[in-house]
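One line per chain: the protein sequences are R and F, in this order.
Quick note: the first sequence uses the working numbering, first residue 1, plus one each step.
Quick note: the second sequence uses the working numbering, first residue 1001, plus one each step.
There are no misleading hints in this set.
Calculated pairs, DMTMM-like style, for lysine to aspartate or glutamate (alpha carbon to alpha carbon, straight line, at most 25 Å):
no.: 1; chain 1: F; residue 1: Lys1157; chain 2: R; residue 2: Asp163
no.: 2; chain 1: R; residue 1: Lys88; chain 2: R; residue 2: Asp160
no.: 3; chain 1: R; residue 1: Lys61; chain 2: F; residue 2: Asp1042
no.: 4; chain 1: R; residue 1: Lys153; chain 2: F; residue 2: Asp1196
no.: 5; chain 1: R; residue 1: Lys48; chain 2: R; residue 2: Glu20
no.: 6; chain 1: F; residue 1: Lys1061; chain 2: R; residue 2: Asp42
no.: 7; chain 1: R; residue 1: Lys157; chain 2: F; residue 2: Asp1200
no.: 8; chain 1: F; residue 1: Lys1157; chain 2: R; residue 2: Asp200
no.: 9; chain 1: R; residue 1: Lys139; chain 2: R; residue 2: Asp103
no.: 10; chain 1: R; residue 1: Lys153; chain 2: F; residue 2: Asp1200
no.: 11; chain 1: R; residue 1: Lys139; chain 2: F; residue 2: Asp1196
no.: 12; chain 1: F; residue 1: Lys1153; chain 2: F; residue 2: Asp1200
no.: 13; chain 1: F; residue 1: Lys1153; chain 2: R; residue 2: Asp160
no.: 14; chain 1: F; residue 1: Lys1157; chain 2: R; residue 2: Asp196
no.: 15; chain 1: F; residue 1: Lys1153; chain 2: R; residue 2: Asp200
no.: 16; chain 1: R; residue 1: Lys157; chain 2: F; residue 2: Asp1160
no.: 17; chain 1: R; residue 1: Lys139; chain 2: F; residue 2: Asp1103
no.: 18; chain 1: F; residue 1: Lys1139; chain 2: R; residue 2: Asp103
no.: 19; chain 1: F; residue 1: Lys1153; chain 2: R; residue 2: Asp196
no.: 20; chain 1: R; residue 1: Lys157; chain 2: F; residue 2: Asp1163
no.: 21; chain 1: F; residue 1: Lys1157; chain 2: R; residue 2: Asp160
no.: 22; chain 1: R; residue 1: Lys153; chain 2: F; residue 2: Asp1160
no.: 23; chain 1: R; residue 1: Lys157; chain 2: F; residue 2: Asp1196
no.: 24; chain 1: F; residue 1: Lys1139; chain 2: R; residue 2: Asp196
Chain F stretches covered by chain R per the calculated footprint, using a threshold of three residues with CB under 8 Å from any CB of chain R:
no.: 25; region: 1164-1175
no.: 26; region: 1179-1187
Derived Cβ-Cβ restraints for the label pairs, each shown as a range:
no.: 27; chain 1: R; residue 1: Asp129; chain 2: F; residue 2: Ala1193; range: 26 to 32 Å
no.: 28; chain 1: F; residue 1: Ala1143; chain 2: R; residue 2: Asp160; range: 28 to 34 Å
no.: 29; chain 1: R; residue 1: Ala193; chain 2: F; residue 2: Leu1040; range: 43 to 49 Å
no.: 30; chain 1: R; residue 1: His109; chain 2: F; residue 2: Arg1015; range: 46 to 52 Å
It should be emphasised that the hints constitute simulated quantities derived from the structure, not laboratory data.
Cβ coordinates follow ideal geometry from the N, Cα and C atoms, glycine included.
Protein chains: 2
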Amino acid sequence: MSNRTSVPLPRGRPRSFDAEAAVERAMGVFWSRGYHATALPDLLRATKLSRGSLYAAFGDKHSLFLRALDCYIADAVTRMDIELDPRKEPVDGLRAYLAGYVDRASGAHGRRGCLVIATTMELAGRDADVNRRIASFFKVMEARVADALSRAKAAGKLADGVDPANAARILVCFVEGLRVISKTAPTGTITQAAADALLDRFIR
Amino acid sequence: MSNRTSVPLPRGRPRSFDAEAAVERAMGVFWSRGYHATALPDLLRATKLSRGSLYAAFGDKHSLFLRALDCYIADAVTRMDIELDPRKEPVDGLRAYLAGYVDRASGAHGRRGCLVIATTMELAGRDADVNRRIASFFKVMEARVADALSRAKAAGKLADGVDPANAARILVCFVEGLRVISKTAPTGTITQAAADALLDRFIR
DNA sequence: TGATTTAACGACCATTTGGTCTATATTTCT
DNA sequence: AGAAATATAGACCAAATGGTCGTTAAATCA
Chain R
1 MSNRTSVPLP RGRPRSFDAE AAVERAMGVF WSRGYHATAL PDLLRATKLS RGSLYAAFGD
61 KHSLFLRALD CYIADAVTRM DIELDPRKEP VDGLRAYLAG YVDRASGAHG RRGCLVIATT
121 MELAGRDADV NRRIASFFKV MEARVADALS RAKAAGKLAD GVDPANAARI LVCFVEGLRV
181 ISKTAPTGTI TQAAADALLD RFIR
Chain F
1001 MSNRTSVPLP RGRPRSFDAE AAVERAMGVF WSRGYHATAL PDLLRATKLS RGSLYAAFGD
1061 KHSLFLRALD CYIADAVTRM DIELDPRKEP VDGLRAYLAG YVDRASGAHG RRGCLVIATT
1121 MELAGRDADV NRRIASFFKV MEARVADALS RAKAAGKLAD GVDPANAARI LVCFVEGLRV
1181 ISKTAPTGTI TQAAADALLD RFIR
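Take these sequences, add in the hints, and give me the full structure.
Below, the structure written as structure tokens:
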């Protein structure tokens, strides 16, 4: 069953490390320190690669960062797809979505912050590759939330006069803002109350 | 009227540049590029100071950054004090506060971003001096907004069941989130609609 | 005017930066 | 087994980093 397409194995010494795992470890460093503040030695320590191997496998620091960012974003989108699954009750989904952000904004998670936001502020203005990824992510996120709100509205669960598009932008801004202020004051309980209060304004 | 306390002039050559102005120029650079990405030469160019003068006047890069951050925060607090002045109609004040953020989140302003948020994400986790300043700023901001909401409530202008503390956190998170997503997609009109929709949920 | 004080300048420094390259180890294929 | 191919390691590099220091210019006071 293996090698159905009879693709010949590469000639030389096979890579002894898992590239995906290395990207994930690199992601952890970028996440904790930011792009400019992570130096090559940090990445080498985290990935347990030598300079040569890292450059051979990923090109340069920037390319590795892009892969790490893609990885982070993919995780976030996956999570959203589960929370806001169209087969679920939309309001329950929105509640789960908000609860996830409240959780990530609390305690140590909160202090670590969000790689997307950090990258947005640090690089998006001067790095087109980064900008594209971030812009698309926020767009996807807002669309998913708007979609859930539309389904809620169709089911008669929304308060009078609530426009799904506006409400989606409000919710997205709220959760992103949450992660910003939680970098310095990650208090879970107050934040959960605020999230509840916000959603309560939109649902019937 | 001058020199009432008869403080003797310093002996030697008087400083020929305005330190406050230099701080403001430095602030502009940090604001556009972030802390790690601004190199000494950038600061020298912006302040028109030589290395020696800059170090004599401000100590080091980090101290200069702190002064720039204080300057930025002071400006923001001043603005808030005007917008949310207790002698004004609180709802009008809140509307002005939101409008200010919508404006700053639009077009070129939006793309430039916010020094406080950028600093929060880049440094707050690992720099106690920065953390203190940021935490205090967010606290002040939330308190001012909560105060305006309380006055609005006392005047019977708030919708039923709105808690000023929760609503304040929601509004603060909203505006900060706005500035994040506006780094990549600074669209003013949609944002203004969202801000209006949000405030409308809280007022009567 | 001359002594004193301090701002201003920019050459200079050690360290660190991201990145390259050569030598070696290890695997596969014939 | 031997040839070919490629991963790995880390020495090495030029450039840039933040920061220091000796010298010079300019102002004040006696």
